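Number of protein chains: 2
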Amino acid sequence: MLSSVAHPPETLRDSVGLVRTHQATLFEPPDELRLECGRSLGPIQVAYETYGQLSPQRDNAVLVCHALTGDAHAAGYHAPDDKRPGWWDVMIGPGKGIDTNSYFVICANVLGGCKGTTGPSSLNPATDRPWGLDFPVITIEDMVKVQKGLLEHLGIERLLAVVGGSMGGMQVLEWTVRYPESVAAAIAIATTPRLNAQSIAFDAVGRNAILADPDFVHGQYHAGSLPDRGLSIARMVGHITYLSEEGMHRKFGRQLRNADRYRYDFTNEFSVETYLDHQGRAFVERFDANSYLYITKAMDYYDLTARNGSLEAATRDVQAKVHVISFCSDWLFTPAQSRQIVDALHSNGKAVTYCNIDSPYGHDAFLLEPERVGRLIRAHLAAAPADWPETDATVNGDVGDRSSLVELRADHRRIEELIRPQSRVLDLGCGGGALLDSLRGAKRVRGKGVELDADAVIECCERGLSVTHGDLEHELPRLADSSYDYVVLSKTLRALRHPGRVLEEMLRVGRVAVVSFENGAHWSRRLRMVLRGHSAPEDLGCCSWRDTPNLRELSLENLERFCRRGNIRILSCIALSKGKAVRAWPNLRASEVILALTRSGEGFLP
Amino acid sequence: MLSSVAHPPETLRDSVGLVRTHQATLFEPPDELRLECGRSLGPIQVAYETYGQLSPQRDNAVLVCHALTGDAHAAGYHAPDDKRPGWWDVMIGPGKGIDTNSYFVICANVLGGCKGTTGPSSLNPATDRPWGLDFPVITIEDMVKVQKGLLEHLGIERLLAVVGGSMGGMQVLEWTVRYPESVAAAIAIATTPRLNAQSIAFDAVGRNAILADPDFVHGQYHAGSLPDRGLSIARMVGHITYLSEEGMHRKFGRQLRNADRYRYDFTNEFSVETYLDHQGRAFVERFDANSYLYITKAMDYYDLTARNGSLEAATRDVQAKVHVISFCSDWLFTPAQSRQIVDALHSNGKAVTYCNIDSPYGHDAFLLEPERVGRLIRAHLAAAPADWPETDATVNGDVGDRSSLVELRADHRRIEELIRPQSRVLDLGCGGGALLDSLRGAKRVRGKGVELDADAVIECCERGLSVTHGDLEHELPRLADSSYDYVVLSKTLRALRHPGRVLEEMLRVGRVAVVSFENGAHWSRRLRMVLRGHSAPEDLGCCSWRDTPNLRELSLENLERFCRRGNIRILSCIALSKGKAVRAWPNLRASEVILALTRSGEGFLP
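In order, the protein sequence lines correspond to chains A and B. The first sequence begins at 1 in the working numbering and counts up one residue at a time. The second sequence begins at 1 in the working numbering and counts up one residue at a time.
Derived by calculation from the structure, the hints in this document are not laboratory data. Bear in mind the structure is a predicted one, so any value in this text is a computation, not a measurement. Note that beta-carbon positions come from the ideal geometry of N, C-alpha and C, so glycine has one too. Treat each hint with caution, since some may be false.
Now the stretches of chain A that chain B is said to cover, found in silico as 3 or more residues with beta-carbon under 8 Å [claimed, not checked]:
hint : stretch
1    : 191-197
2    : 272-284
3    : 342-353
Construct the entire structure; sequences and hints are all you get.
Structure follows, in structure tokens:
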């Protein structure tokens, strides 16, 4: 077969190869699909593709959900001379982020689409003409119900994971709340629980352009000219929102196409104009105006936040381990919107990871950052419990055999001794997750980390830990009172702008706060100050603009005063000199201190 | 007259009252205007309005430049029963930001417009039909040339100020570089020296929508249906870019209009859709599709950065005092673009102020923040030298009689003694400008401040000081080597994240760095550390999340070590205890220290 293929062997080697789109007929009489709008629809054709092998236990199925203009053809090639593979070929294939050697991958064209699944340009059986605007308005919920129907048709009861970006991510969220018992892991990328006013506005402009096109004729354009002008304008507007200002600047700047001076006319002369024009023209070749109307409307309507009154209420029954990925430069579905999902799941005590990837590609980054997104997806799939739902998916520490091989830092070892088995631990500034990983193995805790560095966050995900990407000074106030037994802050206190406030927050969020820090009143430091009259030389922070140097000279005595004044009990004080405990004169002799503090009535130490 | 007026007397009292639009005919034969595109145009009709009285010396004229869809009618009412005043009535009138009791204000419709000035829907004298797309492509430069022609027609040789927002700001910039000798002060609001790729893309979509409208017929639509659908789409796209995501969220959120549930059809049901639809419909009533094409093209073409190879080169001959105002949430013409103007002028040693106003209103904030923008404009107009150009406008300290009434802080008094008369001084964290104001009066320095707080920046502007709104740790690296004689940092060193790096930068940018700080090695502090083993209690920063507490315990000895290591000379060391100089054991006895440091060979103290 390979000999007849136009692609070099290297290309096909890491591809799923030649694939074809299948058709399923669902909701056949007497069944029909009851839509959110109140109308019913059936039978429904669904176009789908699959890659990889379904395991005998049927426990390795991964559903991939596509975005607005995607389709069932997510990976591989339809013909040997295809110029381009499926839309997410960078992610799906042998050895890739979604490894088809391990997983059985399914991707289906959405309800309302124009690539083989029933949609507004399908034939209306009642009239034998295309539906046009007589097609019922469909929603994300309806799309997911059809996907569920397809999985049943394929004999798959549970998904190991559901994965998708943009509108695909909305479907992922819907899966977790509509079929909580059917999803072990959910990976929602560059998405939102609901569109904001600005996104609705952009969609509305696109729809207006289509509806205003004289060739649209109420969606019954199939016999005559197509509403290409309107659809092309809609695509141009959309395309601007998929990129970022920085990305556009890098790609086009103010370059002129094929010229070094202005032409002083109204042809497309800036490269960015030519690009948009090309995007518009190419789009009308492959997409249907009616589908564009219906699918953007479905996106506008989706509002998980309004469901049951709040996002917290809507996500109360989620059982899946949810992984949220956003991109710094995505201004269509912003990181703040992704954070709403993370916060809601947190407030329900659910297992969730969050990573905000620094990329210049805007919303499109979910397709254009295969390396980092791939690492995350691979990690999340590996962490998805195959034996689920027998174990409690919200308990993040039950993968004991994967950890414990970690060489712990000295202060981490001391901190670990302070933690009771099977407690809930929040590690602030958790780095790559060494402490949490060890605690999970040694103490079977339910751990969670907060970390500023994206690579460290990815490392945590690869260890299967629950982690939030962010600045701990901003993260703490988002967390509910007493949501942890221990909140740990190791060797970071002196680098904070507001250490006192962070300690207060740690005591609000956790029953016990565990802090380790270098003691600024160690005799060597005092001697320097008394005899030589200066503090540590690094206090001028000369190293680099970007360093996070220690900002403060805090001592054990400082912390003790802080506790006395704030009515905080010191449950344990471990004063260390060269790694060994010192008892007498700790504030003079200790170079490093670990404190366990509490405000609650009872202590909570082993 | 008031009795017949539909407006309540309160409204008219602070209005310029009833006004009318005048017409001037410029560039009559044998003259004609040579356009940037190479073609010529003439005669040119110009519609304009004026408010206030021209002074006998003709030195109080303020030109207001309008944005894309504005016109000559900037203030007052055309008829007693007008529902709305001119487009910038909040800013122009007796006692307002541009006070018509003091200034003679002129506003003219731009070349290419559709409100009385010659444009593409005017009659082409050669054919006696509207020009349509046969009208020559015009530029911002051409618009400004026509404005200059109008001023000459009115007998005004020099402008006290030229003011404008958005595209009006581009005209302001063009005035400063094209007619440097004719402008004393330039106030450029929410503008850019050139559009970025994203803005060009949005304009291109709008133009595409108009050009694709079957009613456009190559711009010759005047006899039949108008291209309202295309123009309305263009306006909708534009309108989204004029607001901010936050502003749209506050104004509309996901509210439905007249409904509490979805209608499941394609009518406009979200409030934001209705709003956009209304904006589109209202716009086609008042604006011309041809003008929209031509004016957006003029904006896309404008590129002050490319002129002479760089923005620095383009602004080399600017004589006006330039004031730049941007808005945090403006994503169309971003604060970063405003900063490019400021940086270029700085690098040429020009007088410039910059304020970045925190507003949720996006680009439209230039019309919607009359209070703060008004305070700034009022201050800038007051600071514009009426006797200009007799004095050197780039020297910011020549208004001696306006200052010197300031009660100086003790450390400021000491610092002032260190400064040579008529030198160049940069004050980092200048607050409301007390030190600079005093230095201007007492030492006639050329001063400039950097300040983080917007209100303090406005205060500086009201004192007529040159000031940049920003974080000094970010501002310093933008400044050229040795661009100041003194760089002052008073009582801020210990609150910095990177004090050492800031000192290095101060010594790069200035010949002498003057720094005042509380001495962390004062005996009382040493005693506390030695005997009680803790540093200052405020070092835990418990006060508030938003405070900028002192981060570091720095001593005179720390600074001396820093200087020794860095080969920095200490020109002067003033050690103070309770405001009095101490000579012996300064690091032990001084509670406050002022140091003058240098790296250059020669000292530079009085």
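The hints, checked one at a time:
1. Remark: the stretch 191-197 of chain A is confirmed as covered by chain B, as 4 of its residues place a Cβ nearer than 8 Å to a Cβ of that chain, reaching the required three.
2. With 5 residues having a Cβ less than 8 Å from any Cβ of chain B, the stretch 272-284 of chain A passes the three-residue criterion, so the hint holds.
3. Under a criterion of three residues with beta carbons nearer than 8 Å to beta carbons of chain B, the stated coverage of the stretch 342-353 of chain A fails, only 0 such residues being counted.
Going through the hint list in order, the structure does not satisfy hint 3, though it satisfies all others.
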